Amino acid sequence: MSEDLNTPLLAVRDLSISFLKEDRHGVQHEVPTISNLYAEVYAGQVSAIIGASGSGKSLLAHALLGLYPPGATVKAHIEYDGKQIGDAELRKMRGNQLALIPQSVTSLDPLMRIGNQVLGPDVSDDRRARMNELFDRYGLDAEVADMWPHELSGGMLRRVIFCAALLEDPRVIVADEPTPGMQTELAAKTLQDLRDYAQLGNGVLLITHDLELGLRVADQIGVFYGGRVVETVATDKLLAGEAKHPYTRALIAALPTHEFVAPPDVAALFNTPEVD
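Counting from 1, position 164 in the sequence shown corresponds to residue 164 in full-length UniProt numbering; the numbering is continuous, with no gaps.
No lab work stands behind these hints, which were simulated from the structure alone. What you are looking at is a predicted structure, and each value in this text was computed from that prediction instead of being measured. Please note that a few of the clues may not be correct.
Claimed, not checked - Computed list of lysine to aspartate or glutamate pairs in DMTMM-like fashion (alpha-carbon distance at most 25 Å, straight line):
| no. | residue 1 | residue 2 |
| --- | --- | --- |
| 1 | Lys92 | Asp81 |
| 2 | Lys92 | Asp136 |
| 3 | Lys75 | Asp109 |
| 4 | Lys21 | Glu40 |
Said to hold, decoys possible - Estimated spans, in silico, between C-beta atoms of each pair:
| no. | residue 1 | residue 2 | range |
| --- | --- | --- | --- |
| 5 | Gly26 | Glu168 | 19 to 29 Å |
| 6 | Gly181 | Ala142 | 27 to 37 Å |
| 7 | Gln84 | Glu151 | 37 to 47 Å |
| 8 | Ala142 | Pro32 | 20 to 30 Å |
| 9 | Glu151 | Arg128 | 17 to 27 Å |
| 10 | Tyr68 | Asp125 | 15 to 25 Å |
| 11 | Ala52 | Thr106 | 42 to 52 Å |
| 12 | Trp148 | Gln28 | 23 to 33 Å |
| 13 | Gly26 | Gly241 | 48 to 58 Å |
| 14 | Arg137 | Asn96 | 31 to 41 Å |
| 15 | Asn96 | Glu133 | 35 to 45 Å |
C-beta: ideal position from N, C-alpha, C; glycine also.
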């Protein structure tokens with residue numbers, strides 16, 4: 001483990017993802033989805049990336065763990081604890097040092113019992129005890145382990161996914177919209193657990209469309225717009241009105257506490273570059 005507190009646990013630089021699309025003349029063109037993205041996750045902190053629904057946030061979440069969709073062209077420089085890692089290292093670390101809380105509950109196999117999916121191939125007594133401990137923490141009965149995904153509600157499935165991510169005590173958790181479908185009390189507990197998990201010396205990257213959620217739990221917020229992070233701001237500075245990018249300012253202005261008043265430069269959003 002790095003001794004330098006200024007070294008991020010996980011850093012992604014110049015991440016670009018594109019797909020080939022065929023036009024009406026049968027000619028294929030490369031269509032960029034994410035361009036030159038930069039993000040960092042530090043020990044002891046929660047970093048959030050905020051972006052609109054459909055902006056490619058889930059694609060980003062999966063790419064950070066080396067989970068690329070078919071047909072994708074991916075270019076990236078990814079570092080873990082200060083050392084560059086490639087796809088082979090990402091695959092080995094996935095589920096151990098790095099864990100994903102996916103957005104969709106359909107990530108669970110409908111043909112496999114819950115316990116088998118959470119435990120994986122290692123069904124030792126210690127792991128089963130750890131699973132039961134997590135189930136109890138998130139309001140799931142031990143009997144859930146013997147159930148099928150279709151027997152659980154959406155909120156229960158989301159809690160199962162959260163438990164699976166925590167089972168191996170990873171150093172970095174990438175949480176992609178982790179709370180939809182949960183009751184308010186459990187959603188608040190989940191966010192607090194992410195905060196507490198980071199404070200143990202781990203790192204959390206929260207990816208969400210919900211700016212208010214990010215403001216509640218994150219130390220810094222990256223604003224995802226046009227396929228890239230256009231600005232990263234410490235949460236306290238964001239709340240103090242120190243955002244520079246017009247899209248960031250528009251998001252802040254859209255909060256109920258600001259009466260949904262658009263900033264005067266909102267028209268400058270199109271083709272506006274990122275800021276340092």
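Going through the hints against the structure:
no., hint, in the structure
1, Lys92 - Asp81, "15 Å, holds"
2, Lys92 - Asp136, "29 Å, violated"
3, Lys75 - Asp109, "30 Å, violated"
4, Lys21 - Glu40, "31 Å, violated"
5, Gly26 - Glu168: 19 to 29 Å, "47 Å, violated"
6, Gly181 - Ala142: 27 to 37 Å, "22 Å, violated"
7, Gln84 - Glu151: 37 to 47 Å, "44 Å, holds"
8, Ala142 - Pro32: 20 to 30 Å, "47 Å, violated"
9, Glu151 - Arg128: 17 to 27 Å, "20 Å, holds"
10, Tyr68 - Asp125: 15 to 25 Å, "36 Å, violated"
11, Ala52 - Thr106: 42 to 52 Å, "21 Å, violated"
12, Trp148 - Gln28: 23 to 33 Å, "42 Å, violated"
13, Gly26 - Gly241: 48 to 58 Å, "51 Å, holds"
14, Arg137 - Asn96: 31 to 41 Å, "21 Å, violated"
15, Asn96 - Glu133: 35 to 45 Å, "19 Å, violated"
Violation of the numbered hints given earlier is confined to hints 2, 3, 4, 5, 6, 8, 10, 11, 12, 14, 15; the remaining hints are satisfied by the structure.
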